[in-house]
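Spelled out from the first residue to the last, the chains are:
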Amino acid sequence: MIYYITAILLILIGMYAVLTKKNIIKIVIGLSIVDSGVNLLLISIGYIKNGTAPIFSVKGLTPDKMVDPVPQALVLTAIVIGLGVTAVALSLVIRLYDHHKTLNIDKIRKLKW
Amino acid sequence: MNFSPVHFIAVPLFAAFLIPIVGRFSKEAVKLIPGLVLLYLSYVAISLYPIALQKPIVEIIAGFKPPFGISLYFGPLAAFLVTMVMLIGLVIWLYSYKFIIREPLEKYYMLFMLVIAGATGIMITGDIFNMFVFLEITSIAAYSLTAFLRDKDGAEAAFKYLLIGSFSSTFYLLAVMLIYANTGTLNIADIAAKMQTVPNQPKIFIMILFLVGFGIESELFPLNGWAPDAYSQAPSPIGGVFGGIVVKASTYAMMRFAFVLFNFHSMFELILVLGVITMLIAEMSAMRQQQIKRMLAFSSIGQMGLIMIAFGVGTDASVRAALFQVFNHAVIKTLLFLAAGYLVFHSGSKKISALDGLGHNKPITSFFFALGALAIIGLPPFSGFWSKLYILTSVAKGGFLASVVLILFSGIIEAIYYLRVVGRLYFKKDVSQDNVRRTPISGLVAMGILAVVILYVGLYPHQIIDLIKPAAHDLVDKAAYIKYGLLH
Numbered sequence: 000m001i002y003y004i005t006a007i008l009l010i011l012i013g014m015y016a017v018l019t020k021k022n023i024i025k026i027v028i029g030l031s032i033v034d035s036g037v038n039l040l041l042i043s044i045g046y047i048k049n050g051t052a053p054i055f056s057v058k059g060l061t062p063d064k065m066v067d068p069v070p071q072a073l074v075l076t077a078i079v080i081g082l083g084v085t086a087v088a089l090s091l092v093i094r095l096y097d098h099h100k101t102l103n104i105d106k107i108r109k110l111k112w
Numbered sequence: 000m001n002f003s004p005v006h007f008i009a010v011p012l013f014a015a016f017l018i019p020i021v022g023r024f025s026k027e028a029v030k031l032i033p034g035l036v037l038l039y040l041s042y043v044a045i046s047l048y049p050i051a052l053q054k055p056i057v058e059i060i061a062g063f064k065p066p067f068g069i070s071l072y073f074g075p076l077a078a079f080l081v082t083m084v085m086l087i088g089l090v091i092w093l094y095s096y097k098f099i100i101r102e103p104l105e106k107y108y109m110l111f112m113l114v115i116a117g118a119t120g121i122m123i124t125g126d127i128f129n130m131f132v133f134l135e136i137t138s139i140a141a142y143s144l145t146a147f148l149r150d151k152d153g154a155e156a157a158f159k160y161l162l163i164g165s166f167s168s169t170f171y172l173l174a175v176m177l178i179y180a181n182t183g184t185l186n187i188a189d190i191a192a193k194m195q196t197v198p199n200q201p202k203i204f205i206m207i208l209f210l211v212g213f214g215i216e217s218e219l220f221p222l223n224g225w226a227p228d229a230y231s232q233a234p235s236p237i238g239g240v241f242g243g244i245v246v247k248a249s250t251y252a253m254m255r256f257a258f259v260l261f262n263f264h265s266m267f268e269l270i271l272v273l274g275v276i277t278m279l280i281a282e283m284s285a286m287r288q289q290q291i292k293r294m295l296a297f298s299s300i301g302q303m304g305l306i307m308i309a310f311g312v313g314t315d316a317s318v319r320a321a322l323f324q325v326f327n328h329a330v331i332k333t334l335l336f337l338a339a340g341y342l343v344f345h346s347g348s349k350k351i352s353a354l355d356g357l358g359h360n361k362p363i364t365s366f367f368f369a370l371g372a373l374a375i376i377g378l379p380p381f382s383g384f385w386s387k388l389y390i391l392t393s394v395a396k397g398g399f400l401a402s403v404v405l406i407l408f409s410g411i412i413e414a415i416y417y418l419r420v421v422g423r424l425y426f427k428k429d430v431s432q433d434n435v436r437r438t439p440i441s442g443l444v445a446m447g448i449l450a451v452v453i454l455y456v457g458l459y460p461h462q463i464i465d466l467i468k469p470a471a472h473d474l475v476d477k478a479a480y481i482k483y484g485l486l487h
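Taken in sequence, the protein lines are chains A and B.
Numbering that gives the first Met the number 0 numbers the first residue of the first sequence as 0 and each following residue consecutively.
Numbering that gives the first Met the number 0 numbers the first residue of the second sequence as 0 and each following residue consecutively.
Treat the hints with caution; some may be incorrect.
Claimed, not checked - Where chain A lies over chain B, by a calculated footprint (3+ residues, C-beta under 8 Å):
id, stretch
1, 131-139
2, 143-150
3, 156-165
4, 175-185
Bear in mind the hints are in silico, worked out from the structure with no lab data behind them.
This one's a predicted model, so the numbers in the text were calculated from it and none came from an experiment.
Virtual Cβ for every residue (Gly too), placed ideally from N, Cα, C.
Generate coordinates for the entire structure from the input sequences, incorporating the hints supplied.
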């Protein structure tokens with residue numbers, strides 16, 4: 000239970016940062032905190048207390064002691080994707096800074112809908 | 000030859016990573032590779048089409064049978080959409096051939112290939128997590144393409160798109176997680192079979208997460224803030240890619256989930272209401288725009304709203320109408336973006352007021368724009384007329400008379416702002432001084448192909464309807480999807 004609460008707390012902290020911070024680097028950091036929260040949440044779904052890797056040839060290891068490997072595989076992929084998104088975001092931040100000479104998002108907003 | 004749906008993902012992905020290497024030796028080859036890839040894939044799509052019509056092709060990857068491994072599901076709907084994407088991609092490539100002259104060419108074509116791979120991946124995958132991966136491939140490539148021109152506004156639009164887009168993928172990932180926690184599987188067909196055992200509370204939660212996740216990418220109100228900026232700041236052919244390919248892929252995903260996973264009525268009503276709001280607000284915003292590409296972007300959002308309304312009615316006939324509109328919107332909006340690209344190029348400004356009298360100076364490009372405008376308004380004999388007519392009749396038959404009135408009302412607004420531009424093109428004095436630069440042949444051929452498709456479908460709508468019927472059936476028929484998807 001504590002894992003779920005922590006992960007959801009992380010997601011909320013990240014969203015708070017994205018929605019309220021003015022510095023675009025802080026916004027990007029918020030995004031990656033959200034990512035970590037989601038990843039932790041995914042991992043904790045497959046987690047069993049005192050569980051171990053699901054290797055069926057090990058003697059005496061019953062399925063109720065095995066950790067679900069699928070969420071871990073998903074999280075590996077999601078981490079890589081999150082890294083890619085963060086890299087693209089930071090490169091855009093560099094370009095925004097080059098053009099505007101500021102990181103304050105209020106001063107950058109020229110386009111509106 | 001023995002084709003397989005894997006080619007749709009593998010070949011463009013391979014090409015995307017080949018292009019930077021080839022770019023060290025020859026720039027011409029960089030330009031040619033995407034065309035060859037798309038030509039080949041169009042051929043594959045067309046030759047797989049009849050097989051998919053008989054029985055959906057389910058491709059097993061790495062020997063793990065569904066529901067355990069990732070499988071690709073290439074049914075009539077996927078065949079219809081993938082063929083559409085490949086042909087539109089081909090046209091956009093042809094147009095880009097002379098339009099994108101700015102370096103770095105390799106990056107442009109590489110990202111273009113990645114968008115194609117990702118969007119077709121979304122359309123044919125049978126696994127929700129795999130779909131997440133493709134969604135991310137598509138969106139990361141789309142963010143970068145938005146910032147391709149390296150200008151001030153491009154970076155800002157791309158950053159905005161990235162922020163909203165990462166929220167979309169986060170919500171989608173949360174939905175995937177909840178589904179996995181509740182059903183213990185990631186295969187869409189298997190989930191569909193097990194979905195009725197899931198209690199209602201998490202189901203509604205999952206539904207909302209899905210709706211938000213894909214609503215962002217398919218431009219549903221109020222999640223479409225990224226669209227006008229991204230469309231107008233990206234290079235013009237990329238506007239066509241967004242409207243014709245990226246948005247269509249996520250609309251497909253949303254509809255597949257709506258019909259297969261949550262077959263309960265309130266979801267469809269929600270989609271209908273969101274569609275109506277999206278359409279009205281977008282059309283009114285389009286009316287106020289001073290820049291032509293922003294206007295087209297808002298019109299694109301409005302059309303997506305129309306498509307959502309038709310899907311939201313949820314009957315067989317309305318799904319058919321919606322798919323018809325998906326096809327028409329992809330073709331017509333691409334034509335409009337391609338024509339607008341050269342109009343902006345010739346007038347030297349993105350403003351609508353700078354287009355005065357361009358119809359005399361650049362008759363062919365202006366003609367294509369006018370043709371696209373008339374088609375999207377829904378005048379006969381163009382293809383837009385039929386799909387709008389079908390949407391109206393099916394919505395009326397579904398009993399949503401208020402929506403019919405609103406669709407007609409927004410149709411009037413649409414006619415006003417499009418005809419305003421067309422009127423400026425033809426009935427104002429020529430102010431432009433651009434008599435030297437001509438629209439290249441490749442651009443004209445690309446637009447010509449789309450114009451011919453619009454006219455042909457407008458004159459012989461039954462040919463395309465014959466293809467849409469099995470596609471709509473594939474979408475609505477949940478039992479068949481489960482049966483084929485699990486290889487029973």
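Hint by hint, here is what the structure shows:
| no. | hint | result |
| --- | --- | --- |
| 1 | 131-139 | holds (count 4) |
| 2 | 143-150 | holds (count 4) |
| 3 | 156-165 | holds (count 7) |
| 4 | 175-185 | holds (count 5) |
Violated hints: none; the structure is consistent with every hint.
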